[in-house]
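Asker: Here is how the chains run, residue by residue.
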Amino acid sequence: DTGVSQNPRHKITKRGQNVTFRCDPISEHNRLYWYRQTLGQGPEFLTYFQNEAQLEKSRLLSDRFSAERPKGSFSTLEIQRTEQGDSAMYLCASSPSQGAPSYNEQFFGPGTRLTVL
Amino acid sequence: QKEVEQNSGPLSVPEGAIASLNCTYSDRGSQSFFWYRQYSGKSPELIMFIYSNGDKEDGRFTAQLNKASQYVSLLIRDSQPSDSATYLCAVNADDKIIFGKGTRLHILP
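Residue numbers (the working numbering), protein chains in the order written: chain A, 15 to 131; chain B, 23 to 131.
Extracted from the complex, chain A is given alone in its bound form (with noise of 0.2 angstroms):
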C-alpha cells in the first residue's frame, strides 16, 4: 500500500498526558499537512510541511501542539498537557511537488481518533 499511513489509528489518554502521532506520507510528495477533525465539522487546518521545512501554522494550533518533519520524510504532531477540547481525529494529508499533475490535491491518510478522558 502506497497511500498515506498514521499512526496510532485510535489513542485514548487521560487529561493532562502527552500524545504523539505519526503520519507517513506517499513517498514522493514533498508537502505534509495536518488537520484536525470534530463531529459535524470540515477538517481545520493545523500546519504545513514542504520538505522538512515548517511554513505555516493555523492559530488554532496553541503552543501545547508541535509537529516536526525532521528529514522531510514522515511527520510527528504532539499535544503536551492533552484537554478534553482536543478530543478530535487527526488527519494528515500529502501533496506532491510543484509541476507534478496532482500539485493542488492532497491525498489523506485514515486518521487519528483521540479521545481524552
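Derived from the structure by calculation, the hints contain no laboratory data. Incorrect hints may appear among the rest.
Mimicking DSS-like on lysine-lysine, the simulated pairs with C-alpha atoms at most 27 angstroms apart in a straight line are [to be verified]:
| hint | chain 1 | residue 1 | chain 2 | residue 2 |
| --- | --- | --- | --- | --- |
| 1 | A | Lys85 | A | Lys71 |
| 2 | A | Lys71 | B | Lys78 |
| 3 | A | Lys25 | A | Lys71 |
| 4 | A | Lys71 | B | Lys24 |
With chain A held as given, fit chain B onto it using these hints.
Answerer: The following block gives chain B in isolation, referenced to the frame of chain A:
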C-alpha cells in the same frame, strides 16, 4: 477570513435520482476546487476537482464551477445507496485547502 459555505443537510434523494450539492466560497483568488466524500468514521476521499469555469464530468459525477458567482456544485447522477456520505467542498488558499463543513447526503432505497 477565507470561508467555504455548505448546507449541512441532510439531503435525502431517492435512489436513481440526481443529487445536487452546492457550495460557495469567499476568496475570489481561489483557483482550485475540490469535492471530497467522507464516510462516517473514515477520512476524506477526493472524488472530483475542477479548475476552470464550466462543467467537468467523471462517470456519474459532474462538478460545476462559476467563478463570477463564487459557486461550486456537484451533481451525482443515478444515485446509489453507496453514495450516502458527507460531501466536503474544499477550495485552495495559497498552499493549503479550506474545507466546508460538509453536506450529509442520504440516498433513499
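Asker: Look at each hint and say if it fits the structure.
Answerer: Going down the list of hints, with the structure as the test:
A C-alpha spacing of about 19 angstroms is found between Lys85/A and Lys71/A, which places the hinted pair at or below 27 angstroms, so the restraint holds. For the proposed pair Lys71/A and Lys78/B, the alpha carbon gap of about 33 angstroms is over 27 angstroms, so the pair is violated. Between Lys25/A and Lys71/A the alpha-carbon distance is near 23 angstroms, which keeps this suggested pair within the 27 angstroms criterion. With a C-alpha separation of about 15 angstroms, the suggested pairing of Lys71/A with Lys24/B holds against the 27 angstroms cut-off.
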